[in-house]
Amino acid sequence: DAKTTQPPSMDCAEGRAANLPCNHSTISGNEYVYWYRQIHSQGPQYIIHGLKNNETNEMASLIITEDRKSSTLILPHATLRDTAVYYCIVRPPGPNNAGNMLTFGGGTRLMVKP
Amino acid sequence: DSGVTQTPKHLITATGQRVTLRCSPRSGDLSVYWYQQSLDQGLQFLIHYYNGEERAKGNILERFSAQQFPDLHSELNLSSLELGDSALYFCASSVMSASGNTIYFGEGSWLTVV
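Protein chains in written order, with the working numbering: chain Z, 403 to 516; chain P, 130 to 243.
Bear in mind the hints are in silico, worked out from the structure with no lab data behind them. Note that CB positions come from ideal geometry on N, CA and C, so glycine has one too. The reader is advised that the hints may include incorrect statements.
Claimed, not checked - Listed next, the in silico DSS-like pairs over lysine-lysine satisfying Cα-Cα at most 30 Å (straight line):
no., chain 1, residue 1, chain 2, residue 2
1, P, K186, P, K138
2, Z, K471, Z, K454
3, Z, K405, P, K186
4, Z, K471, P, K138
5, Z, K471, Z, K405
6, Z, K454, Z, K405
As the list claims (entries may be wrong) - Some chain Z residues judged to face chain P by a derived CB distance under 8 Å, without partners named:
no., residue
7, C414
8, G417
9, H442
10, S443
11, G445
12, P446
13, N456
14, T458
15, I465
16, M503
17, F506
Stated by the list, open to error - The following residues of chain P were derived to be distant from chain Z, with all beta-carbon distances above 10 Å:
no., residue
18, S131
19, A143
20, T149
21, S160
22, A185
23, S194
24, E211
25, E236
26, V243
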């Protein structure tokens with residue numbers, strides 16, 4: 403079962419920041435928070451991940467609370483092409499651990515509107 | 130382009146038949162994961178291979194099998210196909226970085242069973 407809770411849907415105006423929340427209150431100390439998105443029937447796309455520090459890359463920023471029980475993905479200037487289902491996933495590190503797969507929940511369906 | 134290559138992109142076959150889906154991971158990636166996404170369903174983990182060895186199994190039917198070859202490419206074999214096996218099948222591979230191993234997905238193989 404997914405270990406995260408996300409709102410099923412959100413709307414955002416084009417050009418505005420999209421803030422997508424995620425609760426992961428049972429996260430373990432060595433588990434990372436990963437964000438992926440899936441644009442209609444395409445392969446899931448990696449966005450960003452972090453352990454406890456805030457992270458930023460060319461796509462988004464990830465803000466993780468100090469207690470690590472929740473996080474927020476920020477798309478700073480949403481465009482219509484950002485309309486997708488966004489998945490927040492927690493997983494342990496290491497490439498060869500059993501159980502290291504990504505477990506997808508329902509995600510948040512983000513609709514960016516003109 | 131994630132660097133993960135899946136073939137074929139589309140496949141239509143009849144019930145009772147057998148098909149093989151092929152995945153070439155990113156160069157150097159030792160892990161390969163397979164996922165299934167049925168219409169209006171979430172992404173379901175099927176199986177994980179690491180350097181030729183099975184590491185984890187998810188909701189994979191007994192009619193399905195997979196393997197990873199010495200050159201690290203992987204195949205997912207689906208037999209005795211049923212209408213309900215119609216789905217998108219994704220392959221993913223993972224790369225190690227200083228902050229964990231990120232999983233990258235291919236664009237999927239659309240399987241339609243008629």
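Results of checking the hints against the structure:
Simply put, P/K186 and P/K138 have alpha-carbon atoms about 24 Å apart, close enough for the 30 Å limit, and the pair holds. Simply put, Z/K471 and Z/K454 have alpha-carbon atoms about 10 Å apart, close enough for the 30 Å limit, and the pair holds. Of the supplied pair hints, the one linking Z/K405 and P/K186 holds, its CA atoms being roughly 18 Å apart against a limit of 30 Å. Restraint check: the Cα-Cα separation between Z/K471 and P/K138 comes to about 39 Å, which exceeds 30 Å; the hinted pair is violated.
Taking the CA atoms of Z/K471 and Z/K405, the gap is near 11 Å; set against the 30 Å cutoff, the hint holds. A C-alpha spacing of about 17 Å is found between Z/K454 and Z/K405, which places the hinted pair at or below 30 Å, so the restraint holds. The closest approach between the C-beta of Z/C414 and any C-beta of chain P is roughly 22 Å, which is over the 8 Å cut-off, so the hint fails. At about 27 Å, the closest approach between the beta carbon of Z/G417 and any beta carbon in chain P exceeds 8 Å, and the interface hint on this residue is violated.
The beta carbon of Z/H442 comes no nearer than 11 Å to any beta carbon in chain P, farther than 8 Å, and the hint placing it at the interface is violated. At its closest, the beta carbon of Z/S443 sits 6 Å from a beta carbon of chain P; the interface hint therefore holds under the 8 Å criterion. A least Cβ separation of about 4 Å between Z/G445 and chain P falls short of the 8 Å threshold, and the interface hint therefore holds. The interface hint given for Z/P446 holds, since its Cβ lies 5 Å from the closest Cβ of chain P, which is under the 8 Å cut-off.
Because the smallest distance between the Cβ of Z/N456 and any Cβ of chain P comes to about 13 Å, over 8 Å, the interface hint for this residue is violated. For Z/T458, the shortest C-beta to C-beta distance to chain P is roughly 13 Å, which exceeds 8 Å, and the interface hint is violated. At its closest, the beta carbon of Z/I465 sits 16 Å from a beta carbon of chain P; the interface hint therefore is violated under the 8 Å criterion. A distance limit of 8 Å between C-beta atoms decides the matter here; for Z/M503 the minimum to chain P is near 5 Å, and the interface restraint holds.
Using the Cβ-Cβ criterion of 8 Å, the hint placing Z/F506 at the interface with chain P is satisfied: the shortest such distance is roughly 4 Å. A beta-carbon of chain Z comes within 10 Å of the beta-carbon of P/S131; the shortest separation is about 7 Å. Every CB of chain Z lies more than 10 Å from the CB of P/A143, the least distance being 23 Å, so the non-interface label holds. For P/T149, the non-interface assignment is confirmed: its Cβ lies about 19 Å from the closest Cβ of chain Z, beyond the 10 Å cut-off.
Chain Z draws P/S160 into its interface by the beta-carbon criterion, the shortest separation being 5 Å against a cut-off of 10 Å. Remark: the non-interface label on P/A185 conflicts with the geometry, its nearest Cβ contact in chain Z lying 5 Å away (cut-off 10 Å). Annotated as non-interface, P/S194 keeps its C-beta farther than 10 Å from every C-beta of chain Z; the closest such distance is 18 Å. Residue-level check passed: P/E211 sits 21 Å from the nearest beta carbon of chain Z, beyond 10 Å.
At roughly 5 Å, the least C-beta separation between P/E236 and chain Z is not larger than 10 Å, which violates its mark as non-interface. Under the 10 Å C-beta cut-off, the non-interface status given to P/V243 relative to chain Z holds; the minimum distance is some 19 Å.
Going down the numbered hints, you'll see the structure goes against 4, 7, 8, 9, 13, 14, 15, 18, 21, 22 and 25, while the others check out.
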